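Engineer: Residues per chain, in single letters:
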Amino acid sequence: MKEIKLFLGPQHPGMHGNASVHMYVEGDIIKRSYLLPGMLHRGFEKSMERRTWMNNIALIPRICVPEPDTNEMVYAMNIEALAKIKVPERAHWIRMIILELARLSAHLMAFGGIGGPTGLYTAMYWAQADRDRILTIFEEITGHRVYHMYIVAGGVRKDLPKGIENKILDFLNDLESRLPEYEDLVLNNPTVRARTVDNILLPAEVVWELGVTGIGMRSATGQEYDIRKVAPYARYEKVDFKVPTATYSDAQTRMTLKYQEMYQSINIIKQAIDMMPGGKVRAKVADGSALRWRVPAGQVYSAVEASRGEYGYYTVSDGNTMPYRVAVRGASFPQGLLGVEKYMPGHRIDDAPLWFDTMGICSPEIDR
Amino acid sequence: MITGILTGFGILLFAFVWQTSLDGINRKIVGRFQKRIGPKWYQQFRDIFKALSKTGVTHGWVFDFGVMMALGGIMATVMFLPVVGYSAFPGMDNFFIFVYLLAVGMLGMAMSSVGSGNPLAGIGVMRALTQMVGYEVPFMIVILGIIFGHNTSSLSELAAIQQASGIMTWNLVKMPIGTVVAYISLLGMLGKKPFETFIAPAEIASGPMVEYGGKQLGMLMIMHEFATFIEVTLFVTLFLGGATTLFGFIAKYFVVYILASLISNALARFKIDQVIKFYYKVPITLAIVQALMVVFLGWGV
Amino acid sequence: MDFILSVPAIVVGLFAAAVLAYLLTKANKILGALITVLGSGAALAAMLMLKGDINSVQSLGALGFKLTDYGWFFSVLMLLIFFSVSFFNLYWMKKIIHPAAYNFLYLVALAGTVGAFTAKDFIGLFIFWETIVWASMFIIPFGKSRNASVVYYAFSAFGSLSMLFGILYLYSKTGSFDIQYVLEQASMNTTYALVAFITIGIAGLVKIGVFPFHLWLPKAHGNAPDTFSPILSGGLVKAGGFAAFLAVIVMPSYKVFASNALFLGRELAMPVPNYILVFLGAVSIVVGTLMAIKSEDFKKLIAYSSVANGGYIIIGIAIADSLSVGGAFMHMFAHALASAAAFLSAAAVVHRTGTTKMSELGGLIHRMPLTYLVYLIAIISMAGIPPMSGFISKWMLFQSMIGKGMVFTAAAAFFGSIGSFLYVFRPLSAVFLGQLSPKHESVKEAPFLMQVPMIGLSLLTLLFGVFPNIVLRFISDILKTAGLDGLTLNGLVISGTNGQLNPSLVSLIFGIGFFIALIIFIIHPKSRKVDLMDTYTASEFIYTPELLHYSYAFYAPFERLYENAPSTEKWYAALIKKIEEAGQLVSYTFFNNKPRIIVFWMVCAVIALLWGGSL
Amino acid sequence: MNKDIKNLVADIKSRFELVGEDYPKDDQAALDFNSRDIHSVLAYVKSQGFRQLSILSCVDWIKDNQFQLVYIVFNWETGIRLQVRTRIDRSNPKFTTVTSIYPGAKYYERDVHEFFGVEFEGNPDSYKQLFLENWDDMPPLRKDFDSKAYSDRKYPVREYAADFSKAGDKK
Amino acid sequence: MDNTVEKQENIRKGWDGISRFFRANSIWMLMYCTGCCAIELPQAMTSRYDMERLGMGPMATPRQADVLLITGYLSLKTLRRIIYAYEQMSTPKYLVAFGPCTLNGGIYYDSHAVINRLDQYLPIDVYIAGCMPKPEAVMNGFNDLIGMIKRKEANGWKKYEQNKDWYRKNQIQALGELRIKDEFHE
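So the sequences go chain by chain: C, Y, H, Z and L. 257 is the number that this note's numbering gives to position 257 of the first sequence; each next residue is one higher, with no gaps. 203 is the number that this note's numbering gives to position 203 of the second sequence; each next residue is one higher, with no gaps. 567 is the number that this note's numbering gives to position 567 of the third sequence; each next residue is one higher, with no gaps. 75 is the number that this note's numbering gives to position 75 of the fourth sequence; each next residue is one higher, with no gaps. 136 is the number that this note's numbering gives to position 136 of the fifth sequence; each next residue is one higher, with no gaps.
The hints are simulated quantities; they were obtained by calculation from the structure and are not laboratory data. These numbers come from a predicted model, not from an experiment. Beta carbons: idealized from backbone N, C-alpha and C, even for Gly. Among the hints, a few may not be true.
[To be verified] From the structure, some residues in chain L lie toward chain C, with a derived Cβ separation under 7 Å:
#1 Met-31
#2 Cys-36
#3 Ile-39
#4 Ser-75
#5 Ser-111
[Unchecked claim] Pairwise CB distance ranges, derived in the manner of DEER restraints:
#6 Asn-188(C) x Asn-490(H): 58 to 66 Å
#7 Glu-445(H) x Asp-136(Z): 46 to 54 Å
#8 Leu-31(H) x Gln-8(L): 51 to 59 Å
#9 Glu-121(Z) x Asn-143(L): 57 to 65 Å
#10 Thr-481(H) x Val-17(Y): 52 to 60 Å
#11 Asn-188(C) x Arg-12(L): 50 to 58 Å
#12 Arg-12(L) x Val-17(Y): 20 to 28 Å
#13 Asp-170(C) x Asp-137(Z): 49 to 57 Å
The shape of chain C in the complex, shown without the other chains (with noise of 0.2 Å):
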């Protein structure tokens, strides 16, 4: 026979998270291929629907793992648009600290996750260890490493620790001094180029067929295609910062973009830490019991910008003390399923995982 079937994950070293992209191959090119997802499908939407709107912030950090923020400031934003409260504005602050360490922390693993399907085992190591770095700092701030349950509705759920602008300082400096190391290391490595550089292409059509969100799209219109910039929350309007972008998207272009955006997380960070106001950082949602808060009727969407594109949740309250549905947006999900079975087609196994990759595809926000 002329196919050959190969898997790429569940279990499978190319393959971060846990999905499976089934490849029908001849020789060693992609004939078609579809992903099988639902392996870390748990049913988030479902189980939202049987707590309470306080319970549901412990469950849905867990939705998206490399970033857990989003899925806080999401769920968050849309209690506050329901129950139409208003956010003391320290918490604002405090909030897009969190979510640009998030965003660093992410962009650092998947920067530094190249390493997997190129086998530059060196970048992933590095990245990992200033990663670390962040999970400390976060650990410090929300009593956790990975998931903070520390953006609630109504603003964040304590005030930052004392000191704790130093340390981020401290650490911010340290990363940008290290960064142009990284760039040695991945960006301008020869064999790193080889494989990245023309490979793995995105036009832009491609993006607005699939409804490709966050790098992938920035990378191919050319545009400030950002959710900060055109429907900013927080207080994103209020800080300084570059959108980088690109007209031709292949995974070198999307990895530089990665790269840039970790400057305008550290840039954005040392500006709220500056400009951060005293003041309260939490208003009451509800009176009473915050397990028995009562959420207005109504049907809402918000979305943030997460690292890796568009990340919303559609939250429907008919005004009782448990949601009525929660839908959740994963950021990658259109080019996760359609992208990979419309546009993987064509190119060799060798590139797979590294299209897999550099489309920045987390398999649990798929799933739910």
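We have chain C; now place chains Y, H, Z and L onto it with these hints.
Structural biologist: Quick look at chains Y, H, Z and L alone, frame taken from chain C:
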């Protein structure tokens, strides 16, 4: 004859102990490179013996037979190697024996892994063989120059010729282009990045090794240590003048191997056709230039 | 000298056996096939007994026979191959369209080969040469394709005509047909020598399938009846080596053309005409290797590998020192055994499964382990890996190439040698290893009588790999009578220009290594036997074995690198098209039937005659 | 409220029959349409710059015996988000695919089909299972599906011998 | 006859002792991120904790791996594949379960897609607590595993062999069929 075979056993034992320890040290050095502490220096021994002690699976007789052929072929090759002046069969350490006897081991491993029925193993073997076409031809052309220049293909004689007057008679100095080419080929032989295509865990989940576990894996690990020993020793003997003392040998070997490993850890992996293109552009041209220089101009003889 | 045991008797006997086989096959197919076995076996036995009569001269009517030592060597090799393959005829009687004609032609071809190798004069040589060509030309269409036969004949006719031209030209100048005498005379005169060299050389090149005449090989070998492919590849192709040997060594062209040409201040290692041969050999190594890597058909792949190996033989003969010619002889011997064995195992696979498409096969090792082992030994020899005989010949050739400092030729040879790992491994992997297709679930091992020759050839390959000096001693004698130095053989050791080889020692050490590995294997815990489908699939589930069998476009990344390279196939296709057009023009003018081939060679002959006249 | 949004809604109102409207956020409008209008509405808003379908979701209004399909589209130029909503019958949930307008809807439709049982005619693969495997019950996100009961029925739970908070874990 | 069996048994025992020493200090884990707890594994592997000090490292395929890490909740789809992977592993093999989800379902106790008790389906040698376990906890768990291997207590795989029917019954009860055969898996 019997003494020869016993010497061969001695070389085998030395090769195993030294290369396996060095692999452990190498893992430690790589760990430092990656900002870690790394394992103990004898970790590689533990891994090998652990693998041997496990109950693996077998996919039929060729799966086992190939492994034995691989290890047997490689051990036979090691027994021919001249190390620090010791040679099991003086005069018989012909360069071509190493190239082709090494191939027995490779063939055995390829056969066994494809015998597992896993397509990834097939792809891995395909890549390994394709890569072999890439690195072997420039390497052989350089060796042609050396053999032609010194008029002998015996490794111990080649080493002796180079030891004549210190570092200046090393082929490293006399044929620098060839040395560079051979070192690039050595990276390919050792399967170091960027020429790691046939292992490529992220792409084909470790290629030929995909189905091995238990004693078969342990034996292949031993085989890998021996193969590394042969390849690095060949380089040391052919270009760095071999060694007259154990310490000299170990020092040269260490430098060659650790340098390869460090290069490997700062680079990503090529795709297989990029490997071929790479080898057939620069190294093969340089190799031919070097060989022509030796053959027609008499430089470096 | 007893006529019963002599060369003419063998030839006549074989012709008689051919007629007998024809008649008997009409009555009983198996009986007829048995005659081919017995006839070739008897001839082999007779020829082996004739070893003491080397250099005897006999005549049969007008035809003279002289049993030279190289003639004996080639005859024995041929007879061995024919005898081995004839066992397969027993099983192929049902599959071949005209079994009677097949058996008849089979023995006629054998008689032709023996005759050609032992002919005393050129007329005999040419007649027998043509006998081979015609006999095999009629056999080839019994397989898959008539077209293959046409291609084969076209190329062969070119070679034959070239040889005929040479013979007649030399006759007109020397007045004799006697091979020895004519070549001696020719070697006195550079012009005669050049004509002899070119004409007989071309005949040899065509026969051995060296670039640019390699095209017929895969066509004919791939499409011939499965039993005849090993004959073509293992046997008849080597006749080209014989012709090349005549042209280069017997008439010592390397002495005749010896010049003091300089290149980059260094004296050339050999005369220019020999360089051309070496160049053609090197090109055919590369082309054959690349094409073999690309082949999707089991038999075509082995056929292309024959092209590459033909390149080694030609290079060996053309370098013309004792080590290289000895290597070429050894290579002919080793490759004949190995390629015949490989084709026989292909035939066994066809016998059981009915296909040679590699992508449709797979996992046959679990059903045909012996065929697998035979193929394994054959490819180890073809790839030149110890302890098989192919290693010895390649070692000798490399020694000689490096000794002469032939950088580019050696590069091609190295490429071919490493490339051979690629193409020989592919059938191993695609046909024998991997997943067993469900449709071949009930396949059985080849029948016993097929196993006999396969095992025989494998054992010989192994034997001459471990103790090559048995053959090399005889080859050394051939070299000495041909005026070259003998090989340096001490006991079990072969000495080259820059090194020594003790194949027995290598084999012994390999055996010891294997034994140690076996011990390591045995003392450790026993493995669990699992099914072939119980394999790593990234923990996903799959149930179709074919989808897990990697065989199609095996070297896809490598093939892509030269898919747009210039190809001789395309050149010939264009040429044929042009000839067809010209032929149509001619046929419109002169004939009513299709004469494209004849016209082409007529044109060639005319050109050649004009050219010859001006010499 | 955003001025652009007002103009847009007025424009849409002039073209299509609007069943209901809501403005949950400054830059967001939720518009209800009859199910027959959805395709033309989506095609129209796409031509107005809403080039991205962020998500297609479904809400199970079990009391009304209706499914509500929600198409959330986004305009990257203006930052305006629309919820285009419609209700379909719950007892025979069928709708037509919008993949011709938003190709990216293909897998969202499969998702909705899998979790709610809404069939999308014209989407060739919509009937295939995607996230679940060997699912043997009603589509799980319907309101009448009790996941706890399903879980208890199917997966054994750990029984604790004692009240672990007081007695501690007995070894 | 009996004598040789006894001899073999003795050899096997002696061999066992030696091999346990190696096994304890060379644990290869299967690269299988079954759930969210896997996100802390890279941290445990990198500079701060450096798992390789314990001789642990990731391995590509189940055949080579010694330990299967169940990093968190298991959806049915994953459980099916985990069982397949576990059965493909070479013995002795160990199983380390992360987080409360493997213990009692954890936060997903009421989910329709996530199993509640992993020990019903596979034998577990070590549980590591925490949602998700911090790298310290992970390292500690591995240290425990090493201790257990040394003390001959990590016998989950033997338990699995002995009680295969019971495990099989539970697996089939949850999964319907052990190996899925549908249009995606031809």
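Engineer: Could you work out which earlier hints the structure fails to respect and list their numbers in ascending sequence?
Structural biologist: Result: no hint breaks.
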